[in-house]
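> Listed here are the chains, written in short residue letters.
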Amino acid sequence: MIDPCEKCEEMMQPFVDGALTEEERREAEAHLAGCSYCAKRYRFEEELRHFVRTAAAEEMDPRLKEKLAALRTPLE
Amino acid sequence: MSETTPDTNARRVAQEARDRVRFEEEALALADQVYRVARHLVGNREEAEDLVQETYARAFRSWRQFTPGTNLRAWLLRILTNLNIDRGRRRQRQPDVQPLEEGDYFLYNRLEEASPDGTIDEEHVVERLSQDDVVTALSVVPHDFRDVIVLVDIGDFSYADAAQILDIPIGTVMSRLHRGRRILKREMAESATSH
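For the record, the sequence lines run as chains Z and H.
The numbering of the first sequence is numbering that gives the first Met the number 0, which starts it at 0 and goes up by one.
The numbering of the second sequence is numbering that gives the first Met the number 0, which starts it at 0 and goes up by one.
Think of the hints as simulated: they come from the structure by calculation, not from any bench.
Because the structure is a prediction, the values reported are computed rather than measured.
Hints should not be assumed to be uniformly reliable.
What the hints assert, rightly or not - In silico EDC-like pairs for lysine to aspartate or glutamate, Cα to Cα no more than 20 Å straight-line:
1) Z/Lys39 - Z/Glu65
2) Z/Lys64 - H/Glu100
3) Z/Lys64 - Z/Glu28
4) Z/Lys66 - H/Glu100
5) Z/Lys66 - H/Glu24
6) Z/Lys39 - H/Glu126
7) Z/Lys39 - Z/Glu9
8) Z/Lys39 - H/Glu101
9) Z/Lys66 - H/Asp116
10) Z/Lys39 - H/Glu111
11) Z/Lys39 - Z/Asp16
12) Z/Lys6 - Z/Glu22
13) Z/Lys39 - H/Glu122
14) Z/Lys39 - H/Glu48
15) Z/Lys66 - H/Glu53
16) Z/Lys64 - H/Asp49
17) Z/Lys39 - H/Glu45
18) Z/Lys66 - H/Glu111
19) Z/Lys6 - Z/Glu21
20) Z/Lys64 - H/Glu101
21) Z/Lys6 - H/Glu126
22) Z/Lys6 - Z/Asp16
23) Z/Lys64 - H/Glu24
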């Protein structure tokens with residue numbers, strides 16, 4: 000029999016993506032309600048995704064924006 | 000049949016100029032978001048800036064090919080990823096190198112093991128990671144996987160948009176995203192536990 004925590008680990012990405020079927024989601028939620036080991040790791044996944052998004056966001060140099068605007072077709 | 004008089008012709012030209020100006024303004028308003036994605040598709044800031052400029056030069060030339068009402072941001076990114084491949088910035092795939100991949104709990108487990116007393120304040124686990132850990136880890140994820148992570152997890156594109164931008168099936172987007180995130184987490188674990 001497959002270890003329920005291993006199964007839960009497999010379901011984590013589609014769970015957070017909202018890509019599980021209704022039945023799979025209920026199964027994962029039932030396991031998470033009684034398993035703090037998995038529940039902690041699921042919470043971490045959600046925080047991690049947010050962190051990756053913000054950490055990777057690098058502001059554009061304002062001079063690049065000016066260069067892009069200069070590429071516009073001149074008005075006749 | 001209506002005649003094309005100088006008057007109707009002038010109106011047509013004026014309308015086209017207005018459409019073009021609106022297109023250019025809408026495209027420029029998306030530049031920050033386009034840059035953010037470009038920055039992690041290529042190796043460094045200069046390359047990303049060049050790529051964004053080439054993208055806008057091409058977009059402004061071929062603006063008539065854009066269908067108004069469709070997703071302009073995805074249209075721009077499609078141009079950008081094609082240019083990126085055409086210009087050979089994308090290193091050739093190394094078919095023999097299989098990226099190492101661990102399970103989805105790997106990063107958390109490693110952070111927990113690496114904490115001084117073996118326990119972890121679960122509210123603040125993510126704070127053990129630095130911005131550099133993310134940027135460094137992303138840069139070593141192989142391109143095929145990185146492209147989908149950058150589009151979906153950083154650029155906030157849907158699976159369907161990412162599939163269209165990269166010209167790959169949606170199932171491939173999902174499987175690359177799944178594996179790519181695992182590779183990314185493994186690399187972040189390496190980076191975070193080595194300093």
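> Hint by hint, say whether it matches the structure.
Verification of the hints:
Taking the CA atoms of Z/Lys39 and Z/Glu65, the gap is about 46 Å. The hint is violated against a cut of 20 Å. Straight-line distance between C-alpha atoms of Z/Lys64 and H/Glu100 comes to about 38 Å, which puts the hinted pair past the 20 Å bound. Taking the CA atoms of Z/Lys64 and Z/Glu28, the gap is near 46 Å; set against the 20 Å cutoff, the hint is violated. Straight-line distance between C-alpha atoms of Z/Lys66 and H/Glu100 comes to about 41 Å, which puts the hinted pair past the 20 Å bound.
Under the criterion of a C-alpha separation no larger than 20 Å, the hint pairing Z/Lys66 with H/Glu24 is consistent with the structure, at around 14 Å. For the given pair, Z/Lys39 sits about 15 Å from H/Glu126 by alpha-carbon distance, which is consistent with the 20 Å threshold. Proximity of Z/Lys39 to Z/Glu9 is assessed by CA-CA distance (about 15 Å); at most 20 Å being required, the pair is judged to hold. This hinted pair checks out: Z/Lys39 and H/Glu101 have alpha carbons roughly 18 Å apart, not beyond 20 Å.
Restraint check for Z/Lys66 and H/Asp116: the C-alpha separation of about 52 Å exceeds 20 Å, so the hint is violated. As the CA atoms of Z/Lys39 and H/Glu111 are separated by approximately 11 Å, the hinted pair is consistent with the 20 Å bound. A distance of roughly 17 Å separates the Cα atoms of Z/Lys39 and Z/Asp16; the hinted pair therefore holds under the 20 Å criterion. Note on Z/Lys6 and Z/Glu22: the hinted pairing holds, with a Cα-Cα distance of about 14 Å set against a maximum of 20 Å.
Restraint check for Z/Lys39 and H/Glu122: satisfied, since their Cα atoms lie roughly 9 Å apart, inside the 20 Å limit. About 40 Å separates the Cα atoms of Z/Lys39 and H/Glu48, which puts this hinted pair outside 20 Å; it is violated. With a C-alpha separation of about 11 Å, the suggested pairing of Z/Lys66 with H/Glu53 holds against the 20 Å cut-off. Annotation: proposed proximity of Z/Lys64 to H/Asp49 holds, straight-line Cα distance about 12 Å (limit 20 Å).
A threshold of 20 Å between alpha carbons decides the hint, and for Z/Lys39 with H/Glu45 the separation of about 40 Å lies outside it, so the pair is violated. For the proposed pair Z/Lys66 and H/Glu111, the alpha carbon gap of about 47 Å is over 20 Å, so the pair is violated. A hinted pair counts as satisfied when its Cα atoms are at most 20 Å apart, and Z/Lys6 with Z/Glu21 qualifies at roughly 16 Å. A distance of roughly 40 Å separates the Cα atoms of Z/Lys64 and H/Glu101; the hinted pair therefore is violated under the 20 Å criterion.
Between Z/Lys6 and H/Glu126 the CA atoms are separated by roughly 27 Å; this puts the pair beyond 20 Å, and the hint is violated. A hinted pair counts as satisfied when its Cα atoms are at most 20 Å apart, and Z/Lys6 with Z/Asp16 qualifies at roughly 16 Å. A threshold of 20 Å between alpha carbons decides the hint, and for Z/Lys64 with H/Glu24 the separation of about 12 Å falls inside it, so the pair holds.
Hint violations for this structure: numbers 1, 2, 3, 4, 9, 14, 17, 18, 20, 21, all remaining hints satisfied.
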